[in-house]
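Novice: Could you build all of it, start to finish, from the sequences and the hints given here?
Residue numbers (our numbering), protein chains in the order written: chain A, 1 to 225; chain B, 1 to 225; chain C, 1 to 217; chain D, 1 to 217; chain E, 1 to 240.
No lab work stands behind these hints: they were computed from the structure. Do not rely on the hints blindly, as some may be mistaken.
[To be verified] Mimicking DSS-like on lysine-lysine, the simulated pairs with C-alpha atoms at most 25 Å apart in a straight line are:
1. C:Lys-72 <-> A:Lys-6
2. D:Lys-72 <-> D:Lys-110
3. E:Lys-171 <-> E:Lys-113
4. D:Lys-21 <-> E:Lys-229
Everything numeric in this text was worked out from a predicted model, so none of it was measured.
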Amino acid sequence: MNVFWKVFTSLIQREIRLAIRHGADSMMVVMFFVLVVVLFPLGVGPEPGILTRISAGVIWVAALLSAMLSMDRLFQTDFEDGSLDLLILTPQPLELLVLAKTIAHWLTTGLPLIIISPLLALLLNMETSGYGVLLAALALGTPTLSLIGTIGAALILGARRSGFLLSLLILPLFIPTLIFGVSAVDAALIDLPSKPQLLVLGGLLLASFALCPWASAAALRQAAE
Amino acid sequence: MNVFWKVFTSLIQREIRLAIRHGADSMMVVMFFVLVVVLFPLGVGPEPGILTRISAGVIWVAALLSAMLSMDRLFQTDFEDGSLDLLILTPQPLELLVLAKTIAHWLTTGLPLIIISPLLALLLNMETSGYGVLLAALALGTPTLSLIGTIGAALILGARRSGFLLSLLILPLFIPTLIFGVSAVDAALIDLPSKPQLLVLGGLLLASFALCPWASAAALRQAAE
Amino acid sequence: MAEFTGNNLTCIRGERVVFAKLTFAIGEGEVLYLRGPNGSGKSTLLRLMAGLLRPVGGQILWNGESTLENAKTYRDLLHYIGHQDAIKTVLTVEENLTFWAEMSGVDPAKRSVGEALENFSLSHLASLPARFLSAGQRKRLNLARICASPAPLWLLDEPANSLDKASVGVLRSAITAHQEKGGLVAVATHEELSPESNVLNISEFTNNMKAPKENVA
Amino acid sequence: MAEFTGNNLTCIRGERVVFAKLTFAIGEGEVLYLRGPNGSGKSTLLRLMAGLLRPVGGQILWNGESTLENAKTYRDLLHYIGHQDAIKTVLTVEENLTFWAEMSGVDPAKRSVGEALENFSLSHLASLPARFLSAGQRKRLNLARICASPAPLWLLDEPANSLDKASVGVLRSAITAHQEKGGLVAVATHEELSPESNVLNISEFTNNMKAPKENVA
Amino acid sequence: MFNYFANPTRFLRLTSKLQPIAMVVTLITMGAGLYYSLFQSPPDYQQSETVRMMYVHVPAAWMAMFCYVALAASSAVVLIWRHMVADIVAKSTAPIGACFTFLALATGSLWGKPMWGTWWVWDARLTSVLILFFLYLGYMVLYNAFDEPTRGARAAAILAIVGVINVPIIKFSVDWWNTLHQPASVVKMDGPAIHSSMLTPLLLMAVGYTAFYFWVLFIRSRAELSAYKVRALRIRQAEG
Ligand code: HEM
Ligand SMILES: Nc1ncnc2c1ncn2[C@@H]1O[C@H](COP(=O)(O)OP(=O)(O)OP(=O)(O)O)[C@@H](O)[C@H]1O
Ligand SMILES: Nc1ncnc2c1ncn2[C@@H]1O[C@H](COP(=O)(O)OP(=O)(O)OP(=O)(O)O)[C@@H](O)[C@H]1O
Ligand SMILES: [Mg+2]
Ligand SMILES: [Mg+2]
Chain A
1 MNVFWKVFTS LIQREIRLAI RHGADSMMVV MFFVLVVVLF PLGVGPEPGI LTRISAGVIW
61 VAALLSAMLS MDRLFQTDFE DGSLDLLILT PQPLELLVLA KTIAHWLTTG LPLIIISPLL
121 ALLLNMETSG YGVLLAALAL GTPTLSLIGT IGAALILGAR RSGFLLSLLI LPLFIPTLIF
181 GVSAVDAALI DLPSKPQLLV LGGLLLASFA LCPWASAAAL RQAAE
Chain B
1 MNVFWKVFTS LIQREIRLAI RHGADSMMVV MFFVLVVVLF PLGVGPEPGI LTRISAGVIW
61 VAALLSAMLS MDRLFQTDFE DGSLDLLILT PQPLELLVLA KTIAHWLTTG LPLIIISPLL
121 ALLLNMETSG YGVLLAALAL GTPTLSLIGT IGAALILGAR RSGFLLSLLI LPLFIPTLIF
181 GVSAVDAALI DLPSKPQLLV LGGLLLASFA LCPWASAAAL RQAAE
Chain C
1 MAEFTGNNLT CIRGERVVFA KLTFAIGEGE VLYLRGPNGS GKSTLLRLMA GLLRPVGGQI
61 LWNGESTLEN AKTYRDLLHY IGHQDAIKTV LTVEENLTFW AEMSGVDPAK RSVGEALENF
121 SLSHLASLPA RFLSAGQRKR LNLARICASP APLWLLDEPA NSLDKASVGV LRSAITAHQE
181 KGGLVAVATH EELSPESNVL NISEFTNNMK APKENVA
Chain D
1 MAEFTGNNLT CIRGERVVFA KLTFAIGEGE VLYLRGPNGS GKSTLLRLMA GLLRPVGGQI
61 LWNGESTLEN AKTYRDLLHY IGHQDAIKTV LTVEENLTFW AEMSGVDPAK RSVGEALENF
121 SLSHLASLPA RFLSAGQRKR LNLARICASP APLWLLDEPA NSLDKASVGV LRSAITAHQE
181 KGGLVAVATH EELSPESNVL NISEFTNNMK APKENVA
Chain E
1 MFNYFANPTR FLRLTSKLQP IAMVVTLITM GAGLYYSLFQ SPPDYQQSET VRMMYVHVPA
61 AWMAMFCYVA LAASSAVVLI WRHMVADIVA KSTAPIGACF TFLALATGSL WGKPMWGTWW
121 VWDARLTSVL ILFFLYLGYM VLYNAFDEPT RGARAAAILA IVGVINVPII KFSVDWWNTL
181 HQPASVVKMD GPAIHSSMLT PLLLMAVGYT AFYFWVLFIR SRAELSAYKV RALRIRQAEG
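Specialist: Below, the structure written as structure tokens:
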């Protein structure tokens, strides 16, 4: 168990280090998230009424897109430079390694996104009553996105038209998270309870936590053949 | 001249072939564009009034994001697999090759985007009076985005945090296109002439056409050192 | 004691039989040299040995037990070096090596990252980002991986590529030292690494080599 | 007639002097072998020769004219093969080769893609996506590039890596044929490719090699 | 001329003499300019007291453009002649220019609230100045984004040169498009169209800003140069 834990953390560490040094993926995602949200007032015009009305939707769509955007390179570089072969050959179960990579991915993309979201909500003139629920919904929703995304990322390795495939594969799976995420915030904004939606988001998280690492690990083994 | 032309077309051909076979970049961009626009009604709620109001902005922001998204791999793969060295070493001027790559990039990302945009405008309930101008503005604007993007794509080769850098470098340069693009459509929607904005877009296109290949070629030569 | 064998292995890639009915055996302290022209299937066989590929026929045994069925314990026992070097260019030389040593799950006391770097004369580059390495230095970093944490079975795919004479010497003595400790090695190479005893010529098992000959005959 | 020379070349990478005051000359029909341990600067010198890097001091001349100043005509004259193989894995073998032949801008009549494939025994793989190639086949595809369109100067960085014996023979005879046509070759290699006449030992010009020696003396 | 200044020791000697002069000029003109602009110049008949924002805003906007031109010019020298001193001048200019740009943006925004009733509009001048600010930021980030310092210097130099087209756009945007922003009234073909009671403090402040730029430039580039020398020394030591 101790060995597992050590390996687990050192993989997370490496991923984070890579993300910080290289930054192509992680920073890009956060930048992208911010940009989507900042560009909107630019494109739509800065009328506060409209912005307020669409704020929750814009933030969630931006989060979804950023998550999808960061997915396609999750295993790709490891696949191309031979690291994937070696990861498969380590004595640790591949599911565990996938989970570690997913956690690292969430830490470097999902978490910064959550942290920065209140600022963006402010920018979009969201009413303050929605902030808490927005944070909670994102905290429950973004790990789900990361987990679901790994399946897609693993499946497309070596495939032709991988980008296209990826969106086709994982987007439908993302949509429930989007819908419940937005409706949680919208409910809070009109002073309805948003607990049911948050519970559903929690359920989605648990289900994908139990399922996704296995599916991705199987896909990865396939890809290395 | 004949040789140049032959080389020019064969580079464009290769790029298109790569895009079709691999598809990671080009299809991803179009999918992405569609998704941004399709997800919006999902996130914002399908009230036609609001959608109509923000349609031009959403389409332009989506186009901008897609263009940026596709940029970071434009020279990256050639840089990593050594093709860039060989391209620099061909007797043809590098500026020409950059232009060919840009054209191929636009053909595989910008053009499909333009073709699909009326459909998306329909989806967003845009009034029909805006369609023509939207197409014209996109036709003038997306090549500018591709051209400006090449500079960023060339400058970040081998850099740390390249994704972050790319957005920082090219997004500000995209803003004029966005602003004039949106305002052209908005003008048409309220029955004002949109010719001035289109002229500016044309001017931006000409200016970037004259400048960008040179700057990118210089940046590429630096990157190969 | 330890023994690594393959029986009647058949491998298909992309609907083409790469080799068929291939049999090999490596005993304790032995080196098996895989030989054959380009594209004959040396790398494929090594990936098969590593468990990255599955044979369509035949089996691979470690001490008589199927490696596929005991994959988890078997993966503890091997080091694989492929054509790709699994080096992250933004990490330093030492970070790269330490990471793989940690991933091997070997007891930290038994790891020897510093020593491995020393061995392949990379110590002075330890804190350099791996991007700056020359081709040979990269290869050496990749090789250092097998010395940084112990494992009885080494699978090496053309380990001497782009190495200079001195480094080939280091590699050779690393292999000899491993043999003396009772290690097993399978190595695909086009060069002479040492007086070879145990050679497997893959082209004897490849279909496309055989078929035309039979046609002619 | 043709002559390729470098005078007093100094090269700095990452604020480190790789080599200093290096001088070389290659005459018509000559092969220059670059030798030196890993990381001594062979690849760097080849990139300098190709014009991909600029020296901080000294100059490189083709027939007495600076190659930097006449970059456009000079690039017509050379073929460069580096460590990276510039192969697109989704394109077929033939598409890869044809593309580079077209890019060379050489008169289509003078190109010989089919022949080059034949030479390096890749014809049977011509329509295969390059992803399926083995390491040696990839290298051969890369080498076929220099035969597919003519150019007087070849700059080869470890061309024999991962090649089998037969392919090394093909490479050797390709170089000899090129020499006989009056071609010039600079090749970095750790192996013996042919009875060597013209050898440049880079470690003689590297600072870090020299300095300690002087200190000791 | 470039060769003359390209010699680092000569550059150091020259700047050590000029630095105190720049400091004195800065302090005197800035002091006088502030005194005039805050106490001596009259309030505007339209804008009343808010007009005093002009004496901070306008020279900052000028310097933002001036610094960028300086940056682009030295970047061109970096690319063409690869002179180390030009590189150091460019590297030191960028943050100063970014500060001036930020100042122009901030004071403009503050001024805009009372004058136009909004902090920000997306008109051509404001947008192009914002882009200028991002160009400075991009320059600085790009410069430091590479493991090899020379690579960063050259990549950033290319960006600086490309961005220079933004400067005439800033300058002439008010003439080309009708915007909320004031057209040029000082730097014009047919002489300034502004009263001398306002012109004097404005010009004083402009001279003060310029001297300030050179002062900081000298300080920064001298520091850069010593850092460079230390690095070179350390490398030589490491190589034995
Ligand atoms: C964030 C907002 C603003 C920005 C980015 C900005 C930018 C600039 C720039 C770049 C210049 C120099 C133009 C040149 O030399 O031709 C300038 C000058 C000037 N600005 Fe602004 N400005 C802003 C807001 C304002 C506001 C609100 C006012 C007052 C209504 C104002 C009044 C002026 C005046 C009077 C000049 C001097 C023009 C001349 O005499 O040449 N600006 N501004
Ligand atoms: N971009 C760079 N920045 C700093 N140092 C570098 C860079 N590229 C290479 N080097 C260093 O320059 C030296 C020369 O590298 P080069 O690749 O030319 O060696 P080489 O002789 O080809 O070695 P090999 O036989 O291993 O291919 C090496 O020590 C390497 O670490
Ligand atoms: N994924 C694949 N799909 C189809 N065929 C493949 C695949 N990978 C390899 N091949 C083919 O299988 C054969 C064996 O390849 P392998 O890489 O094992 O050769 P090798 O003996 O290692 O050659 P080399 O000495 O060149 O490295 C080759 O002919 C190759 O074209
Ligand atoms: Mg092989
Ligand atoms: Mg080399």
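Novice: Can the restraint linking Lys-72 of chain C and Lys-6 of chain A be considered satisfied, given a maximum Cα separation of 25 Å?
Specialist: holds (17 Å)
Novice: Given the hint that Lys-171 of chain E pairs with Lys-113 of chain E, does the C-alpha gap stay at or below 25 Å?
Specialist: holds (22 Å)
Novice: Under the criterion that the straight-line Cα-Cα distance not exceed 25 Å, is the pair Lys-21 of chain D, Lys-229 of chain E satisfied?
Specialist: It holds: about 23 Å lies between the C-alpha atoms, which stays within 25 Å.
Novice: Would the pair Lys-72 of chain D and Lys-110 of chain D pass a check requiring their Cα atoms to be no farther apart than 25 Å?
Specialist: holds (20 Å)
When the structure is compared with the earlier hints, no violation turns up for any of them.
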